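Participant: Please model the complete structure; the sequences and the hints are all you need to start from.
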Amino acid sequence: MLISRYSAPDFNPYGDESPDDPDVLWAAPVATAGVRSVVALPGSKSLTNRELVLSALADAPSRLRAPLHSRDTALMIEALRSLGVSIEETAGGGDFGPDLIITPAEELTGSTTIDCGLAGTVMRFLPPVAGLALGPTTFDGDEGARRRPMATTISSLRDLGVDINDDARAALPFTVHGSGSVAGGAITIDATLTSQFVSGLLLAAARFESGLDLRHDGERLPSQPHIEMTIATLARRGVVVRQPEIGHWIVAPGSIAGADVAIEPDLSNAAPFLAAALVTGGSVTIPGWPAETTQVGNDLLDLLPLFGATVERDGDSVTVSGGDGIRGVTLDLSTGGELVPNLVALAALADGPSEFTGIGHIRHHETDRLAALAAEINGLGGRVTELEDGLRIEPAPLHGGVWKSYADHRMATTGAIIGLAVPGVEIHDIATTAKTLPQFPQLWHAMLGTGGTAVASATTDTTIDLPPLGTGSRA
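Residue numbers for the sequence shown follow the UniProt record's numbering, so the first one is 1 and each next one is one higher.
Warning: the hint list may mix true and false statements.
[Said to hold, decoys possible] With a Cα cut of at most 20 Å, we get these calculated DMTMM-like pairs of lysine to aspartate or glutamate:
| hint | residue 1 | residue 2 |
| --- | --- | --- |
| 1 | K404 | E89 |
| 2 | K404 | E386 |
| 3 | K404 | D351 |
| 4 | K404 | D95 |
[Stated by the list, open to error] Restraint ranges, calculated between C-beta atoms of paired labels, are given here:
| hint | residue 1 | residue 2 | range |
| --- | --- | --- | --- |
| 5 | V402 | D95 | 29 to 35 Å |
| 6 | S317 | R158 | 44 to 50 Å |
| 7 | I187 | E143 | 28 to 34 Å |
Rather than coming from a laboratory, the hints here were simulated on the basis of the structure. From a predicted model like this one, the values you see are computed outputs, not experimental measurements. Idealized CB from N, CA, C, for every residue including glycine.
Facilitator: Structure representation (structure tokens):
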């Protein structure tokens with residue numbers, strides 16, 4: 001069994017091309033039988049960025065052990081440093097980079113510009129922090145970030161007494177004119193488009209002068225496990241979030257404790273590797289899987305068996321094994337939208353039809369994921385229909401072609417999953433996986449026991465010589 005642990009790039013999976021060049025096409029490796037691998041993963045992006053914000057607002061220094069080092073976390077670190085927070089690297093026991101020591105600023109200072117990249121956690125978690133700083137803080141990001149929903153973040157802070165100039169865009173770029181304090185109090189918001197609107201306010205609420213009495217009034221509340229994660233991280237630092245009813249949160253004013261926090265592996269980033277077990281009829285083990293967690297990726301242990309997988313736990317290791325094929329499913333994934341792209345890849349390779357609903361909100365993620373998934377799978381010969389709040393996928397033989405990533409890390413990994421079973425799939429901008437998993441190409445090739453190349457045109461595929469796949473609608 002192969003053990004996939006990335007430390008230094010012993011091989012370059014991009015050949016002579018730069019992984020930072022978005023025009024480089026990455027030849028997705030094709031498997032001809034079951035993988036058998038142990039894949040260790042870096043820390044959770046969702047937990048790392050929440051803990052970074054809380055550490056910056058705490059009353060004492062904090063240490064984050066085995067945090068994620070990726071584009072999203074680097075953007076968060078640089079943003080907090082620009083507000084006066086000290087964040088230093090120190091040697092740790094993780095396989096994927098150093099620990100972090102965070103020392104809060106005596107006084108947060110603005111007069112800076114924060115680059116959000118395409119990170120929803122940066123653009124929605126840090127404006128409340130900027131309100132606590134003294135001076136103006138301008139927020140901007142990638143071109144795609146300017147299309148992401150921000151109206152609720154802006155209006156909610158205004159309701160809390162923060163001065164914001166957005167030139168009536170209700171989107172990036174905008175400037176928070178921090179006064180050094182936020183009044184706080186009772187407000188009602190519509191968090192239908194993303195739970196990050198709620199989490200961003202809760203993370204800083206204890207530092208508001210009157211705390212926060214927050215209500216959600218909208219069509220639905222998506223991705224509730226992420227709100228539960230926020231509440232759990234606050235609780236570990238002595239901040240109690242009361243919930244009198246669903247969609248109502250109360251935080252009293254007070255201090256946030258410094259903490260020594262071990263970051264869990266990113267369970268959502270386990271999805272493509274575990275999906276590989278199903279696609280190839282093999283088995284993949286993820287070590288370090290927490291016994292209890294608020295990560296939505298933990299739902300994979302219940303979801304993958306619906307596709308035909310077998311799941312086994314042995315201590316802190318989880319092993320997923322595939323069978324003779326992949327079954328179609330009918331799922332409401334309103335609580336786990338970030339898992340949708342990789343699960344849709346399985347549905348595209350399944351023996352029967354599938355339908356995913358409750359996921360209209362993922363149109364507002366890094367890209368319109370429903371439209372992107374339909375376009376890319378259909379471009380390879382698939383039969384995907386967009387629904388108002390989901391997708392319907394019917395079995396169809398797939399063929400190779402270029403798979404666009406749309407600067408979306410989960411679109412890129414979804415193409416890699418399909419490429420395991422479909423020769424000739426080439427992914428545009430695989431480097432976008434650096435958003436949450438910079439080592440993805442190396443880990444993917446290590447899982448399969450192969451090197452790889454990047455090409456500027458559709459001329460190369462990488463094939464792993466293994467026994468035959470099970471049945472299914474595959475080219």
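Participant: Each hint: holds or not?
Facilitator: Here is how each hint holds up against the structure:
1. Our distance criterion of 20 Å between C-alpha atoms is broken by K404 and E89, whose separation comes to about 35 Å.
2. Between K404 and E386 the CA atoms are separated by roughly 18 Å; this keeps the pair inside 20 Å, and the hint holds.
3. For a cut-off of 20 Å, the pair hint linking K404 to D351 is broken: about 25 Å separates their Cα positions.
4. Only pairs whose Cα atoms come within 20 Å are accepted, and K404 paired with D95 is rejected, the gap being roughly 30 Å.
5. For V402 paired with D95, a C-beta distance near 33 Å keeps the hint of 29 to 35 Å intact.
6. Range check, S317 to R158: about 48 Å between beta-carbon atoms, so the 44 to 50 Å window is met.
7. A hinted range of 28 to 34 Å for the beta carbons of I187 and E143 is consistent with their spacing of about 31 Å.
In this structure, the earlier hints numbered 1, 3 and 4 are contradicted, and the remaining ones agree with it.
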